[in-house]
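Protein chains: 2
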Amino acid sequence: MSNQKLFTVAVVGATGAVGEQMIRLLEERNFPIQELKLLSSKRSAGTKLRFKGREITVEEATPESFQGVEIALFSAGGDVSKELCPVAAGAGAVCIDNTSAFRMDPDTPLVVPEVNIDKINEHKGIIANPNCSTIQMVQVLKPLHDRFGVSRVIVSTYQAVSGAGARAVEELWRQSKEIVNGNEVKPDILPVSSLPVKHQIAFNAIPQIDKFLDNGFTNEEMKMTRETKKIMGDDSIEVSATCVRIPVAYGHSESVYVELKQDFDVEEVKRLLADAPGVVLQDDPAKQLYPLAASAAGKLDTFVGRVRRDLSNPRGLHMWIVSDNLLKGAAWNAVQIAEYIAIQA
Amino acid sequence: MSNQKLFTVAVVGATGAVGEQMIRLLEERNFPIQELKLLSSKRSAGTKLRFKGREITVEEATPESFQGVEIALFSAGGDVSKELCPVAAGAGAVCIDNTSAFRMDPDTPLVVPEVNIDKINEHKGIIANPNCSTIQMVQVLKPLHDRFGVSRVIVSTYQAVSGAGARAVEELWRQSKEIVNGNEVKPDILPVSSLPVKHQIAFNAIPQIDKFLDNGFTNEEMKMTRETKKIMGDDSIEVSATCVRIPVAYGHSESVYVELKQDFDVEEVKRLLADAPGVVLQDDPAKQLYPLAASAAGKLDTFVGRVRRDLSNPRGLHMWIVSDNLLKGAAWNAVQIAEYIAIQA
Chain A
1 MSNQKLFTVA VVGATGAVGE QMIRLLEERN FPIQELKLLS SKRSAGTKLR
51 FKGREITVEE ATPESFQGVE IALFSAGGDV SKELCPVAAG AGAVCIDNTS
101 AFRMDPDTPL VVPEVNIDKI NEHKGIIANP NCSTIQMVQV LKPLHDRFGV
151 SRVIVSTYQA VSGAGARAVE ELWRQSKEIV NGNEVKPDIL PVSSLPVKHQ
201 IAFNAIPQID KFLDNGFTNE EMKMTRETKK IMGDDSIEVS ATCVRIPVAY
251 GHSESVYVEL KQDFDVEEVK RLLADAPGVV LQDDPAKQLY PLAASAAGKL
301 DTFVGRVRRD LSNPRGLHMW IVSDNLLKGA AWNAVQIAEY IAIQA
Chain B
1 MSNQKLFTVA VVGATGAVGE QMIRLLEERN FPIQELKLLS SKRSAGTKLR
51 FKGREITVEE ATPESFQGVE IALFSAGGDV SKELCPVAAG AGAVCIDNTS
101 AFRMDPDTPL VVPEVNIDKI NEHKGIIANP NCSTIQMVQV LKPLHDRFGV
151 SRVIVSTYQA VSGAGARAVE ELWRQSKEIV NGNEVKPDIL PVSSLPVKHQ
201 IAFNAIPQID KFLDNGFTNE EMKMTRETKK IMGDDSIEVS ATCVRIPVAY
251 GHSESVYVEL KQDFDVEEVK RLLADAPGVV LQDDPAKQLY PLAASAAGKL
301 DTFVGRVRRD LSNPRGLHMW IVSDNLLKGA AWNAVQIAEY IAIQA
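So the sequence lines, in the order shown, correspond to chains A and B. For the first sequence, position 200 matches number 200 in the UniProt record's numbering, and the numbering has no gaps at all. For the second sequence, position 187 matches number 187 in the UniProt record's numbering, and the numbering has no gaps at all.
Because identical chains cannot be distinguished in the list, a pair is counted as satisfied if it fits within a single copy or across any two copies.
Keeping only pairs whose Cα atoms sit at most 30 Å apart, straight-line, the calculated DSSO-like set for lysine-lysine is: (1) Lys198 <-> Lys270; (2) Lys198 <-> Lys177; (3) Lys229 <-> Lys211; (4) Lys287 <-> Lys198; (5) Lys186 <-> Lys299; (6) Lys261 <-> Lys229; (7) Lys287 <-> Lys186; (8) Lys299 <-> Lys177; (9) Lys124 <-> Lys5; (10) Lys211 <-> Lys270; (11) Lys52 <-> Lys5; (12) Lys82 <-> Lys287; (13) Lys229 <-> Lys124; (14) Lys211 <-> Lys287; (15) Lys198 <-> Lys82; (16) Lys287 <-> Lys177.
Keep in mind the hints are simulated off the structure, nothing from the lab. From a predicted model like this one, the values you see are computed outputs, not experimental measurements.
The following block holds chain A by itself, in its conformation from the complex (with noise of 0.2 Å):
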């Protein structure tokens, strides 16, 4: 990359869980940035954190902020996102938001690198950073949808706590620890911090992750559904979701059952899994090799396994599809957009 352009790159939502590993990938992948601006809500503001040796001050994230910014990583929530989005697009940065504000937005591309990139230059300067539970299994439909067609998709998500944010993580050891010494736990974050009941997350499953909606599925279920659909470029994919939080810190694990359009080999499918880009076939039932949330963590691939055929229907097909949801699921897929953008410039 030497003549490379070089760029004014800001990270909104800095101190947050996604936020530091953006910060983290950019410095490790060799980012070609110019200036590097830290943002974050006014009572994170202050805050000094690392990149390349040197020491950065978090300043609040303003409409002001974005004067002279080329690329604009956003994970500060969906409202942080809706207000300051616009206006970072409007001073001439391409945000790349995390958020869901704009997924579903017709005129703003959703992207997976391996899946869609060909969408990357259709934005109007904001680029939608597609769902954690979402992004994983995109990346293994991908290569059987061209090869077979996918029908349908069923799948049961084990969630990791830190896609509910670092305090959650924080509420996952805190009640961890309290359990193994034998006390009670009161629970006050999971599983959603802006709703009244709370639930123990500790040696527990919570089968709820966002809202309720009026159809009973979460909101995160319906982002599988949705975003599923745009990614893929196929609105013909049914996609039914349960999305489980898990006492997993780092790492989504997904069982998936999908329904193929025509008959396939199983070996055929393996083989377009191992060949799929950032995807890792690990498949080895008499090695006792399959994909593990604790292995997965801090890795930026997406692992799959258990690869077999319904024991029904002989168009179906089972997987277990694991990956870091703050790396691939967030920080990774954004940073990637930001590097193709980086390329073409």
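Guided by the hints, dock chain B onto chain A, whose structure is given.
Chain B alone, transformed into the frame defined by chain A:
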């Protein structure tokens, strides 16, 4: 139960996680006992256990142990059952066997009292207790099958470590303590104590319970397939399972998708489930009410919620089913069967 006949009862595997619950339930339910014999492996023989204020010394289970025993509850592993159930039955006992040794034997009824109590008298000395993950599912499927017909089930489980025995629970507590204190862990028991590869269970999800078969499914998964057909008395019901161990001590959760043969109304489904014996409907999204392993632990019932229609198949239904795997999933189902035998005597 005045003038009730009193029984000589044996518990084989008295010092195990399930045996302990069997003894507690026999006491709590005031089971009509003349004499209680507590049996175990040679290793655990000599242990003293309390029953109704008295101390009973655990003896080694041998072929001679069953003289005069009328009801024998077995939960000491399949090999012990294979050896000793026929001996005990030959000596005149009715064996209620919690292992998989005789479950698929055509001469052995496989009984969940709420589903097929009519099979209880078809035994030849041995009645099999189904696998924990199967019991709670068929309890919920039964009223739906009677009313609409169940054609097909896809289930992903979230199973507690106590299903792998007391040492697996100790391993979960030990690993959890180490990790919250920032230490490394060395897995020792899970996923399968007799297999060479071990995986961390604390803050992880392991998609393997029991050994793998040639079709890519595990034994645990195939138990759900085969046992459901036998208990429901309908070989046409297809079940494909993904069985996963999660860091929960007590209480299995299941994300269950069912295809029914007839059109259904979701409210009628909820009414049927609310009225089903041994089943408690916990389903009020507005109040964030749904079954939770942490709440179901220690209870005898099976809990169901998150009842909703599939998004693409109008005859598809999603549910979340939770029960204490050591109680309804093992000890309680066995003691229930013993109670039916006692009532008939």
